[in-house]
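A.B. asks: Sequences listed follow chains A and B, in order. Using the working numbering, the letters of the first sequence correspond one by one to residues 1 to 474. Using the working numbering, the letters of the second sequence correspond one by one to residues 1001 to 1474.
Check before you lean on any hint, since a few could be wrong.
As the list claims (entries may be wrong) - Derived SDA-like pairs: lysine to any residue, alpha-carbon spacing no greater than 25 Å straight-line:
#, chain 1, residue 1, chain 2, residue 2
1, A, Lys429, A, Val466
2, B, Lys1061, A, Asn309
3, A, Lys326, B, Met1407
4, B, Lys1134, A, Ser140
5, A, Lys134, A, Lys220
These are computed hints drawn from the structure, not numbers from a lab.
Number of protein chains: 2
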Amino acid sequence: MQKKLDAITDMNIDFAQWYTDVVKKSEMVDYAPIKGCVIYRPYGFKVWELIQKELDNMFKKVDIENVYMPLFIPQHMLQKEKDHIEGFAPEVALVTSGGDENLEEPLCVRPTSEVLFCHHFSNIIQSYRDLPIKYNQWCSVVRWEKTTRPFLRTTEFLWQEGHTAHETEIEADGVAKQMLDIYTTLFKDVLAIPVVRGRKSEKEKFAGAVTTYTIESIMKDGKALQSATSHNLGNGFGKTFDITFTDKNNNLNYVYQSSWGASTRMIGAVIMVHGDNNGLVLPPKIAPIQVVIVPINQNKDGVLETATNIENSLENFRTKIDVRDKTPGFKFSDWEMKGVPIRIEIGPKDIAENKCVLVTRYSGEKQTVSLENIAKTIEQKLEEINISMYNNAKKSLNEKTHIATTMDEFENILNNDPGFIKAMWCESKVCEEKIKEKTAASTRCLPEEQEKLSDTCIFCGDTAKVMAVFAKSY
Amino acid sequence: MQKKLDAITDMNIDFAQWYTDVVKKSEMVDYAPIKGCVIYRPYGFKVWELIQKELDNMFKKVDIENVYMPLFIPQHMLQKEKDHIEGFAPEVALVTSGGDENLEEPLCVRPTSEVLFCHHFSNIIQSYRDLPIKYNQWCSVVRWEKTTRPFLRTTEFLWQEGHTAHETEIEADGVAKQMLDIYTTLFKDVLAIPVVRGRKSEKEKFAGAVTTYTIESIMKDGKALQSATSHNLGNGFGKTFDITFTDKNNNLNYVYQSSWGASTRMIGAVIMVHGDNNGLVLPPKIAPIQVVIVPINQNKDGVLETATNIENSLENFRTKIDVRDKTPGFKFSDWEMKGVPIRIEIGPKDIAENKCVLVTRYSGEKQTVSLENIAKTIEQKLEEINISMYNNAKKSLNEKTHIATTMDEFENILNNDPGFIKAMWCESKVCEEKIKEKTAASTRCLPEEQEKLSDTCIFCGDTAKVMAVFAKSY
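Chain A on its own, in the form it takes in the complex (with noise of 0.2 Å):
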């Protein structure tokens, strides 16, 4: 046990270095030779994949197309729209030359793709008949960071991005929670991870949102993540992009719009929800391995042969069988790094009693089982593996969630406790950039769950109009 302590840095003690240590030490990811980009390593990409595909059958199923936009925007489109690009003119990357000559007009590589969207849907849109128009893309964007750390923030993400286009605001509102929706089930039902669901403050939102709606997931160190975000764009774009279409009675009309996304930040929340001092640990839908298979005395006569035999009647579930000359000891420790669900140890012992030991890594906890339908066993074990996770991220979740009525039980909390902290809020700005300068605390979402804890605000004492969720964030 010693040595795998020794070989990562202990949560409790340094939490960032500890997350470095396991996206490092899993092979998850390795840096890149350009500054705040990464490499994803098969297991890190694989990950992703698993992701990838849990959430684009969910869009396949509400009728979302996948569609690719270029790379590159004309530098003058991106200005067109005015909160746009006040909101990511700072992190645009450009390029300036292209074939050995000097470009006329930069283009700026994607931070978004809002605009080139707003671009297509005017070529593409006519009438009502066109409408709804539900696209997605799965791609990599660019934003120009100072600070970056492995899938919470780089300068290059990758991501999927959605954009639709409607005839009213109430349907692109509607579609723009109806995502916020198929998040939340994807962080509960695939990443085990509860969230806190609201809409975002005016400071906070997407330049050139109506309404930001958002999940938000916290941390083992108690800081809270912005998870995915689904924009009502109203018809901002709409005007800024000329992008109209005839109704019914024949009136021109723009459309009304939405944006939504989720990137591989995902992957660093389900690190730092459900890691612990021996590495990853993944919920088992997104494992690159569900079951590893780990023989002891492997060299003894009809080892190998049962362990063979028990993957052969696992082939439903991603297994893998390490016959690696290597004590049992280090691949216990190499495996439990790597987050794998299930470790099935099977020796000489185990198959004169026809059984094996199942440890599972979240809990630890180890059972002898029969080998007999071992493959029902593992179905089971593999879907309470995923609900227990849940129910524990969740109660973690209960345990870091705060109420403060004064500021200075809200400063207590985050310097002794810290967490999602629940406070009345009267919604103006002032109020929210001093708590922010004073705590470093920002609001995360006013939440759909809305409590009426006092009736002033948190800070100035004036009427509040809104609880709001505040937190430390990455």
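Model the placement of chain B on the given structure of chain A, informed by the hints.
C.D. replies: Relative to the frame of chain A, chain B by itself:
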């Protein structure tokens, strides 16, 4: 019929315009507001996703793992490998500012990712135990092109690039050849396209490769299309990027590498090999819609009900029922333009007889078939279509493959019945360049299946070393 033929240019009159009409009218792509870039619309992107899925499965069967490398390459790294940069420098797009600040060193938008893989390999390879490494990535790359055409040549294009590292050159070369086999199988079984396999001449090979293997296909206008390539990179990149490993005898060696790629060009090949004057003709495995059901007299009792029953019984296929308020004739043309392999027509008369009309897109053949076991009928028909489309394309390739033993013959062929020309060659670059200057035809490959057509080079009359296949190309 007349209406359809008016809709797109006749391919025999203007093949290039026919191509442009087809990609636009089938709604595969739209032009983007960035020179040389296109928007992949849902129908075009779905074709790409289906090709991706097939090829990715083939890769996974031979233990290739997906990874993701950054979009950017520091300029000095791309300049490290002399041949490589000579090949790519003229096409590179440069990022010179990020986040409102000028960069100290410009970043190249990847034209291909050899150097990033090399950098990563040098970090993760120590011993022969770490080898082989077999990676692939799906991404977009950027090459500044003067003249562009959707799918065939665009500034940004989508592709996969595989990169492997090995102990020996034999092994690296073996994988390069294995990947050519996989591409050949993909073209035959999935795209229904026959190819000529061979290696590239010294002049035409990949910048930095020892040997480039290629598959070449022939379009309906007699021009060749380089369809996928695979490179034995030797240990040149290994030496340049210092990728070493300790072998079994504890000696330090450089790794040998391969790389291989196929792109959205494949969709261009599908269009130009199978398309006709009514539009696209898609092979079943990559058709977003495999079967379209067009109800006749859809307002008559029972028609839509029966059509829906047929749709339900075809749930194992990508099936669509077209209930738009349009005439059947309009719908027929529309789905012909989109290349849907099978159309089912179902009207009151058919229903009375428990039959439907089945129309095969590629041949135009009309059959009346029983509604009993319609799923089985469709399954067999789709298989048959794939084989027949391949056989037709193979016949066409054979007819377009000529032999020339004199330059007069060579030029006659190009003027009267262009296609592949087999001719003997001395392998000198001078002859190759002069032939290209004179005829615009280049060496497509030195085919695996060699024949001895004569003793002397078709151009200079010196002793011939090899039979080459020449053609004008895209």
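A.B. asks: Each hint needs a verdict: does it hold in this structure or not?
C.D. replies: Verification of the hints:
no. : hint                 : verdict
1   : A:Lys429 - A:Val466  : 13 Å, holds
2   : B:Lys1061 - A:Asn309 : 21 Å, holds
3   : A:Lys326 - B:Met1407 : 66 Å, violated
4   : B:Lys1134 - A:Ser140 : 23 Å, holds
5   : A:Lys134 - A:Lys220  : 36 Å, violated
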